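Engineer: Sequences listed follow chains Z and G, in order. In terms of the working numbering, the first sequence opens at residue 1 and continues consecutively. In terms of the working numbering, the second sequence opens at residue 1 and continues consecutively.
Calculated from the structure, these hints are not laboratory results. Computed from a prediction, not measured in an experiment: that's the story for all the values here. Don't take each hint at face value.
Unchecked claim - Dumping the calculated BS3-like pairs for lysine-lysine here, alpha-carbon to alpha-carbon at most 27 Å:
| id | chain 1 | residue 1 | chain 2 | residue 2 |
| --- | --- | --- | --- | --- |
| 1 | Z | K187 | G | K31 |
| 2 | Z | K181 | G | K95 |
| 3 | G | K131 | Z | K282 |
| 4 | Z | K187 | G | K131 |
| 5 | Z | K181 | G | K117 |
| 6 | G | K95 | Z | K278 |
Unchecked claim - Below, a sample of chain Z positions facing chain G; criterion: calculated Cβ distance under 8 Å:
| id | residue |
| --- | --- |
| 7 | S54 |
| 8 | G169 |
| 9 | L170 |
| 10 | K171 |
| 11 | T180 |
| 12 | I285 |
In this text, a Cβ means the ideal position worked out from N, Cα and C, and glycines have one as well.
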Amino acid sequence: MGLLNWRFLEENIFKILMIFSILIVVGSLILIFTVIVFNGVSSISIEMLTQTSSPRFYLSKGGGGMLNAIVGSLLLAIPATAIAFLIGICIALYLQRDFIHPGISNFIRLCLDILWGVPSIIYGIFCMTIMIALGMSTSLLFGIIALTLLEIPIITRSIDESIKMVPLGLKESAYSLGSTKFETAIKVVRRQALPGIIAGVLLGLGRGIGDAASILLTVGDSNFIPTSIYQSTAALPTMILNLLSMPDPNVQSKAHAVAFVLLIIVLFISIISRTLTKKSTKYVIK
Amino acid sequence: MLNIHIETKNLNVTYHNNHVLKNVNIKIPAKQLTAIIGPSGCGKTTLLKSFNRLLDIRDDIIISGEIIVDNENILDHKGSDIPDIRKKMGLLSQKPSPLPMSIYDNVAYGQRIHNKKSKEELDEIVKHCLKEAGLWDEVKDRLHEPATRLSAGQQQRLCLARAIAVKPEVLLCDEPTSALDPISAQQIEKLLLKLKKEYTVVLVTHTLRQAKRVADYLIFLYFGEVVEEGSSHDFFNNPKDPRTKAYLEGEIS
Chain Z
1 MGLLNWRFLE ENIFKILMIF SILIVVGSLI LIFTVIVFNG VSSISIEMLT QTSSPRFYLS
61 KGGGGMLNAI VGSLLLAIPA TAIAFLIGIC IALYLQRDFI HPGISNFIRL CLDILWGVPS
121 IIYGIFCMTI MIALGMSTSL LFGIIALTLL EIPIITRSID ESIKMVPLGL KESAYSLGST
181 KFETAIKVVR RQALPGIIAG VLLGLGRGIG DAASILLTVG DSNFIPTSIY QSTAALPTMI
241 LNLLSMPDPN VQSKAHAVAF VLLIIVLFIS IISRTLTKKS TKYVIK
Chain G
1 MLNIHIETKN LNVTYHNNHV LKNVNIKIPA KQLTAIIGPS GCGKTTLLKS FNRLLDIRDD
61 IIISGEIIVD NENILDHKGS DIPDIRKKMG LLSQKPSPLP MSIYDNVAYG QRIHNKKSKE
121 ELDEIVKHCL KEAGLWDEVK DRLHEPATRL SAGQQQRLCL ARAIAVKPEV LLCDEPTSAL
181 DPISAQQIEK LLLKLKKEYT VVLVTHTLRQ AKRVADYLIF LYFGEVVEEG SSHDFFNNPK
241 DPRTKAYLEG EIS
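One chain only, chain Z, in its complex shape:
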């Protein structure tokens, strides 16, 4: 066999490997959807979406629903994402070399990457420790704090990466018109990086709304829609855990309904993210 044939063979082996890997990814996506949708649809009902839960919800024949968990999850994830975004965009804009020495910013990036890798249960334990030290009890507030901490590194690093991609020539144009660093960052860099900023925020939101471990120890549980941030609340991921821990298979199947709703919300977030990202590229310089 000649050298050329060997090179073609090599190429074909890699082609097969790539196709195989893609099949694994796409296949598992389809499988996850089928399992969740199939099980979810068969156990979901309108009442489950419109009623709040009650102790009976955790019983085989009991009624009630997950409305309080849906609202709870949104009340946790949306404020946490908003706060994490405000903190994240400030850090990300400041990390650029216009403001600080690259040595320092790379150190901060390293810290953020480590934080990104910290398991969410650690944030949960950390917030719980503080909560106990302050003599307070599980509440929406500490859930928001835990999720904010979880989301900050994700949002900051995503925004940071998209800002890093802004061409130097664009900054030079802004500076040579007499812009200050702040004006350049806010009026020019921010516009150019907008698609990446939106993607980063929605990545954080998606991560926050689905995370169970960080809120498990900090928000507690409740059967009502919370009316104050000092109250405990149910949330979709923790409700799944609670339902699955019941011995009755009928109750366990309700967990699939909750998982289905959570999946729909996450799916919805990524569709919004796609659309917004596309729309925001209108003015972006390619």
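With chain Z fixed as given, assemble chain G onto it according to the hints.
Structural biologist: Frame of chain Z; chain G shown alone:
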């Protein structure tokens, strides 16, 4: 000699441990078109960008010497004065770089950050600057479209309009025609010739023919050193340095 607008004294620039500019002493006359020529990588762009302190935003750069503009050494200035130094000098870069906003907003940008102007005044300025840059007729019906929809040549004229909207004294042009088609390049050249009546124009170019066509005054840089400077006529007809002769004859490039 004519009025001197920009003067450098012993300007040295080191960038990533490369000595890019070596003891540069030059004088750039006011309201003339000065071309900085020389082969690629010999420091032309660095010299140009030192005039409006754009080098500040790069890493690992050491600048020493003096750059005197309007009797002030601009290298003495710190922090908050720098936007004002830059405002005096419009920049036209090698690759047209419109801001990520509409055509109108691109031209209005400078006015918006420096002065509060009414909508009518702003409209007037935008119209005037686009006319100056010979772009008005092509864009007057689509002022609110993204600037990226324009062709490269139009984008470069937009950048010119945007630069003159902040009323600079100097136009720094870094090979502004190198990314353009011949017709667009010619338009830019014509505009520069028109604009030099009101502005001091500094043009970096690596095409000798362009320098010959447009320049009043020439500076020849070779490996970070100024080999020769002088009026266009003397430079092309009576070069003094053997390296200039070699460059003009195409022996070095």
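Engineer: Would you mind marking each hint as holding or not holding in the structure?
Structural biologist: Hint-by-hint comparison with the structure:
1. Between Z/K187 and G/K31 the alpha-carbon distance is near 32 Å, which puts this suggested pair outside the 27 Å criterion.
2. Using a Cα cut-off of 27 Å, the hinted pair Z/K181 and G/K95 holds, with the two alpha carbons roughly 22 Å apart.
3. Taken as a hint, the G/K131 and Z/K282 pair is honoured in the structure, with Cα atoms around 26 Å apart against an allowance of 27 Å.
4. As the CA atoms of Z/K187 and G/K131 are separated by approximately 25 Å, the hinted pair is consistent with the 27 Å bound.
5. Using a Cα cut-off of 27 Å, the hinted pair Z/K181 and G/K117 holds, with the two alpha carbons roughly 22 Å apart.
6. Taking the CA atoms of G/K95 and Z/K278, the gap is near 25 Å; set against the 27 Å cutoff, the hint holds.
7. Interface hint at Z/S54: violated, since its Cβ lies 53 Å from the closest Cβ of chain G, which is beyond the 8 Å cut-off.
8. Satisfaction of the interface hint for Z/G169 is found here, the shortest Cβ-Cβ separation to chain G being roughly 4 Å, below the 8 Å cut-off.
9. Because the beta carbon of Z/L170 sits about 5 Å from the nearest beta carbon in chain G, less than 8 Å, this interface hint is met.
10. Checking Z/K171 against chain G: minimum C-beta separation of about 7 Å stays under 8 Å; hint holds.
11. The beta carbon of Z/T180 comes within 5 Å of a beta carbon in chain G, closer than 8 Å, and the hint placing it at the interface holds.
12. With a least beta-carbon distance of about 5 Å to chain G, the hint placing Z/I285 at the interface is held under the 8 Å criterion.
Of the hints listed earlier, those the structure fails to meet are numbers 1 and 7, in rising order.
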